[in-house]
Each structure stands twice: as structure tokens, then as C-alpha cells.
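**Student:** Using the hints, build the complex out of the two chains.
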Amino acid sequence: MHEFNRLEECMGTVFQFSGLSDIDETKFLESATTTLHKADTIFSLYKPDSPLSRLARGETSVAQCPGVVEQVWELCEQWEKTTGGWFSAFTPEHTFDPSGLVKTWAAKFAAEKLLEAGITDFTLNAGGDILISDGQSREDFWRVAISKPVSIADPEADVLTVLDLAGTAFRAVATSGSAERGQHIWNPKSTDVQKDFTQVSVIARDIVEADVWATAAFAEGIRSLERINQQPQLEALYVMADGSLQATDGVVALLAKATR
Amino acid sequence: MKARKTGRIATIVMVAGAIWGGVIFGINQNGGWNAVFNLTPAVTPGPGPTTPSTSGPATANGDPVNYIYGTIQLSVTRSNGKITKVGLIQAMASAGRDQAFPSLQQAAISANGSSFGNLSGATYTTDAFKQALDSAISKLP
Numbered sequence: 001m002h003e004f005n006r007l008e009e010c011m012g013t014v015f016q017f018s019g020l021s022d023i024d025e026t027k028f029l030e031s032a033t034t035t036l037h038k039a040d041t042i043f044s045l046y047k048p049d050s051p052l053s054r055l056a057r058g059e060t061s062v063a064q065c066p067g068v069v070e071q072v073w074e075l076c077e078q079w080e081k082t083t084g085g086w087f088s089a090f091t092p093e094h095t096f097d098p099s100g101l102v103k104t105w106a107a108k109f110a111a112e113k114l115l116e117a118g119i120t121d122f123t124l125n126a127g128g129d130i131l132i133s134d135g136q137s138r139e140d141f142w143r144v145a146i147s148k149p150v151s152i153a154d155p156e157a158d159v160l161t162v163l164d165l166a167g168t169a170f171r172a173v174a175t176s177g178s179a180e181r182g183q184h185i186w187n188p189k190s191t192d193v194q195k196d197f198t199q200v201s202v203i204a205r206d207i208v209e210a211d212v213w214a215t216a217a218f219a220e221g222i223r224s225l226e227r228i229n230q231q232p233q234l235e236a237l238y239v240m241a242d243g244s245l246q247a248t249d250g251v252v253a254l255l256a257k258a259t260r
Numbered sequence: 001m002k003a004r005k006t007g008r009i010a011t012i013v014m015v016a017g018a019i020w021g022g023v024i025f026g027i028n029q030n031g032g033w034n035a036v037f038n039l040t041p042a043v044t045p046g047p048g049p050t051t052p053s054t055s056g057p058a059t060a061n062g063d064p065v066n067y068i069y070g071t072i073q074l075s076v077t078r079s080n081g082k083i084t085k086v087g088l089i090q091a092m093a094s095a096g097r098d099q100a101f102p103s104l105q106q107a108a109i110s111a112n113g114s115s116f117g118n119l120s121g122a123t124y125t126t127d128a129f130k131q132a133l134d135s136a137i138s139k140l141p
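If you read the sequences in order, they're chains A and B. Quick note: the first sequence, position 22, residue 22 per the working numbering, numbers continuous. Quick note: the second sequence, position 97, residue 97 per the working numbering, numbers continuous.
Any given hint could be a false lead.
Unchecked claim - Pairs of lysine-lysine, DSS-like flavour, derived with a Cα cap of 25 Å:
hint: 1; chain 1: A; residue 1: K38; chain 2: A; residue 2: K27
hint: 2; chain 1: B; residue 1: K130; chain 2: A; residue 2: K38
hint: 3; chain 1: A; residue 1: K189; chain 2: A; residue 2: K81
hint: 4; chain 1: A; residue 1: K108; chain 2: A; residue 2: K47
hint: 5; chain 1: A; residue 1: K108; chain 2: A; residue 2: K38
hint: 6; chain 1: A; residue 1: K47; chain 2: B; residue 2: K130
No lab work stands behind these hints: they were computed from the structure.
Extracted from the complex, chain B is given alone in its bound form (with noise of 0.2 Å):
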């Protein structure tokens, strides 16, 4: 049961980290996403380098996560005291769980090993996407 509780609180970050494209993003100039996604609260401060929130960028690695199928890891970058950039670190999956999985599901399976840039899926609604969003960067560490 720990394992699996682990999992699902891992996997909202995953899929969350991975709509950003898995590499760092920056929230746009205005603000307008901080704003809509209402960042900023939600956070504290994680282990790794931290800087007063008044200064100048400061990104903190969140802790490896172990789950299910592998480990997460997130990075997010404060800038004057507002979160600007989230990356999806380390995404890996161990493979083959289950041997006695048909072959195509055997492969799918395997290939859940990889990093990826993107994810696609059945399109997703705005609320979803920053529902998602926020559960992921409530998890932080």
C-alpha cells in the first residue's frame, strides 16, 4: 500500500512535468500563467540552493521520488519571489515489471523507460491542465 500511495502522488508530477515538454519552461513575461496557475503560494521551499525570494533566480532540485514504476525528479527556479521555471529533471521507469505480458505489452512496457519531451493524450481541458499543474507543484518537496 505505501508503494502504491507513493505512485500516484510521483505520477501527477510525471505527467504534469511532462506537458511542460520536460525541459524547463519560462512562465510568460507578464505573468499571466503565475497569475492564472496561482504558483506562487503553493510552494516552499524545497532542499538544494535556495536565495532569499528578493533576489536574483534561485532553482532548488526537488528530492528524488520513488514510485511504481521508477523515480521523478523535479527542478523549480524562483525569481523575485515568483516561480519562473519548472524542468522535469530525471524521469525514468524500471522495465518489465511483468514477463508474462504478450509481447506488444511486454515492449510497451519496457519503453516506459524512457525520458520524453512530450506527452499526448486526449485533449485535455484548460482546467485539467492547471488542476494537474497545481497538484504537481503542491507535491514539491
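Same shape as in the complex, but just chain A (with noise of 0.2 Å):
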């Protein structure tokens, strides 16, 4: 068994794998990290000639796309219906935005390269959302920190908290708020910007599942919380606005005990 890790820069931020392997993993991540790319150079709506930009332009449809743009919208559509409308890839403009979505659903697929390969011990940063595998060894890659709200290159940048997911079936925490890149998720059911709170991070078995929610918390505001606690395994922890925590019921639970 040796270490392994990498970084990877996709989709405007920084990917990371980390874990053991009894096997010369470089060319299972030359896959992963290459699934991270063909996601980007489909979905990007920052590369004008990819096929989700000539999409929101007008230029092409969907039934032209390649046929993951379909499965993406597809998804998206289930998604907005199980978070009650709250998770949206429709923009106000009325296009197709799913970028709330595909930097983690690229992210599971990447980690499946891994798995089919027989590495099973690892875990995925995908730029502050984390998927753990299921054979996961290493005691402290069960413990997530939370970030405080302010960005990581703000010199207030700290640890908000720890979670352990140990012994849990939880596999992925993802975090929506607007440190990083300011108010940058819409609202689909009217014009206002929710004030309640300035992050939530959700707690999830899945990685796409724990970003969807923490995309749709973030719209909904803190009316939120009781529609995550009414969803079997899905926990959401907040800061609110004036700085306060809250939280759906299990979240103390999986706090993590102090090593110290």
C-alpha cells in the first residue's frame, strides 16, 4: 500500500484525490481527471463554443448535444421536483444552467474510475465538496472540517468545525455559500436573494445529492432546514447571518468527539 494524491485544476477550481493503492494508479487518475475535462468541455458555460453555451444561445438543441447533456437534464428535472422546486438548472433567462450539478456529478464519475480499477481507498475534494469511498482506511479522512464563511484566501480563514462521518452512511459533505464567489446561486421561485444565512453545508451518502441540497438550501433560505429534516439521511448545518449555527436534528451526532 502506498500514498497517493493529486491535484487537479478543472472547471475554474482545484480537484483533489487522495488515498492508498496497492496498485500504480497514474493512469486510473489520467481517467478520472480526463472524465473531469470532457464534463468541462460540454457543460462549461464559460467556453463559448461549448455545446451548453451554443445551447444557451439558441444555437443548437438538445437532441444535438452529446447525450450526457440529456442525462444531465434529465437529472436536473428530478432533482427540482424532489427539493420541492428549490434546486433549479432553468435560470431566470430561461436557459439551461447546470452547474450547481455537474462539477459533482463529473466528480462521482471520476471517483468511479478509481473503483472499476480496484481503488477503493480514497477520497475526492472537488473544490470544497467531499466524497468519501466506501473503503475508506485513514481514520482522519472521515473527519470534514467546515470551512467558516469567508474565503481561503481571506486571512480570516479558519476551521468552523469537524464532522465524523465514521461508522455513519454518510459519504459526502458539499457547501454552498457566497465567500468565494458571492451571490451566485438564483433564486428560481422569485427575485429576492435569501439573507437567513451566509453557508449551509449538507451531509449526504451521496455527492451530487449533498450538492444539490446545499444549492437548493442556499436559494430557499432557512425554511430549508425542516424540509432537509424531513429526508431520510440528508443533514444540513448553517451559519446564519449574525453568525449563529443551526442545524437539522443529527447533525450534533456527527460532530466530531475532540482528540484532544
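**Tutor:** Next comes the structure, spelled out in C-alpha cells:
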């Protein structure tokens, strides 16, 4: 067994694969990162020639796009229903923008490339959203710190708290907030922007599920707490506008026990 | 005021360290990240075992730095004049600063006393990541 670590710049952020392997992981990491870049090439709205940019400009149709576009479209529609309409990939300008889901959707595919190769002991940090594999063995990597709601480049950057997911069914943490990219989540139901909280972290079994709910909660505001409470195996921790914390019922049990 | 200042420095290091996964990582083989982040010039040899930069790998541990919530310590490995590994070897925080917090707040602060492997936060930009990394490196002893 040896330790591996791979940083990959993609989608305007940094992905980090970290784990243990007893086989040479190099080519499988290549295949995983290629998956990320392929998704970026298709779904980026920052690349004017991407299928999604062309779709947004009305120059092409979903049917003419690569097949995964329709898959992601359908996935977005399902999540819109599940979240009571609070996650939406359809912008106020009526264009299709699945950015709230594509990063973790691609991350999940990238992780599957490693799993298929028999590399089962790793974590993937997708620009702040975390996936933990079932076979993850390093004790520290079951513990996920939540950042304070300031940019990691800010002198005040610090850890808010630490979750310990060891021995639970949870395999993912995703955080949405305004600290890094400002108010980038639109409200699908009105033009109002929620001011209840500055950051929400969602703990789920699946990284896409965590990401979608974090995005939905950020759009809805603190009323999302009860909505999330009603979902099985889903928890959320909020940093309110005044800096206080609120959380769904199961969060306290997930807080790490101090190691000192 | 003094404690506050130390806290800021250490927390930058801690958060950047956490992003790397808490344990040592290797900058990729072609030196891409090393070049992108311009790691080498920012680092001066710290305490601990060091060897001339042209020889095999050498690892130096930074001094533990006390900060407002606890202590932080990083290790840096240099090989052939380049920083090849950075690790978070100690990241402990003191628990329960303020007993007056309500239970969730209190529990969250207590949990802050744990080491961890990953950091979840709002999606950071590549630039923010590089900045955090540069700060961490430049703050090494």
C-alpha cells in the first residue's frame, strides 16, 4: 500500500484525489481527471464554443448535443421535483445552467473510474465538496472540517467545526456559500435573495445529493432546514447571518469528538 | 492583540494544509503544480534536519505554532531543490472556549478540537487556492 495524491485544476477550481493503493494508480487517475475535463468541455458556460453555451444562445438543441446533456437535463428535472422546486437548472433567463450539479456529477464519475480499477480507499475533494469511498481506511479522512464562511484566501480563513462520518452511512459533504464567488445562486421562485444565512453544509450519502441540496437550501433560506429534516439520511449545518449556527436534528451526533 | 495576530497566520496555514488532505501529497511528477504555485522561492530552510538542496529528499518540520484555538505544525519535504511534499502533521484545537454558547454552538466548537483529512467550503477559485497555498508556504519558519 502506498499513498497517492493528485491535484487537478478543472472547472475553475481544484480537485484533489487522496488515498491508498496497492497498484500503480497513475493511469486510473489520468482517466478520472480526463472525465472531469470532458464534462467541463461539454457543460462549461465559460467556454463560448461548448455545447451548453451554444444551447444557451439557441444555436443548437438538446437532441443535437452529446447524450450526456440530456441525461443531466433529466437529472436536473428530477432534483427540481425532489427539492420542491428549490434546485433549478433553468435560469431566470430561461436558459439551461446545470452548473449547480455538474461539478459533483463529474466528480462522482471520476471516482467511479478509480473504483472500477479496484482503487477503493480514497477521498475526492471537488473544490470544497467531499466524497469519501466506502473502503476509505484512514481515520483522519473520515473527519471533514467545515470552513468558516470566508474565502480560503482571506486572512480570517479558519475551520468552523469538524464532522466525523466514520461508522455512518454518510459519504459526502457539500457546502454552498457566498464567501468564494458571491451571490451566485439564483432563487428559482422569485427575485429575492435569501439573507437568512451565509453558508450551508449538507451531509448526505452521495456527493451529488449533498451538492444539490446545498444549492437548493441556499436558494430557499432557513425554511429549507425543515425540508431537509424530513429527508432520510440528510443533514444540514447553517451559518446564520449573525454568525450563529443552526442545524438539522442529526448534526450534533455527527460532530467529531475532540481528539484532545 | 498578540494572540490574535498569531491566530491569523496559523489559521491560513491550517486551512491550506487541510485542503491538501491533512497528510503529505506529492506535487505531480512533471513539476506542474510546483511551477504554477512557485513554491520553491518562498521557502527558507526551517528548523529540523535539512540537507543541501542538490541531494536526496529532506524533510523539515515547522515549529508548532500556537494560535487562538490550538496549535498547528506543517512538514515540508524538499528533493533536488524543489518542495515535493507538504504535510499537516499536527492540527489540534482547544475545546470549549466559551461555556455560554448554546449546545449546538458549544458542540461545534468542541468538535473543532479534532484533526481532519478534508475541508469542505464554498467552491473556491483556483486563484484563491493558490493564494492560500502561497500564504501557507511563506509563513513557514
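**Student:** So, for every hint listed, does it hold in this structure?
**Tutor:** Do the hints match the structure? See the list:
For the proposed pair K38/A and K27/A, the alpha carbon gap of about 16 Å is at most 25 Å, so the pair holds. With a CA separation close to 24 Å, the supplied pair K130/B and K38/A stays within the 25 Å bound. A distance of roughly 13 Å separates the Cα atoms of K189/A and K81/A; the hinted pair therefore holds under the 25 Å criterion. A distance of roughly 22 Å separates the Cα atoms of K108/A and K47/A; the hinted pair therefore holds under the 25 Å criterion.
For a cut-off of 25 Å, the pair hint linking K108/A to K38/A stands: about 13 Å separates their Cα positions. Among the hinted pairs, K47/A with K130/B is consistent with the structure: their alpha-carbon atoms are about 22 Å apart, no more than 25 Å.
Violated hints: none; the structure is consistent with every hint.
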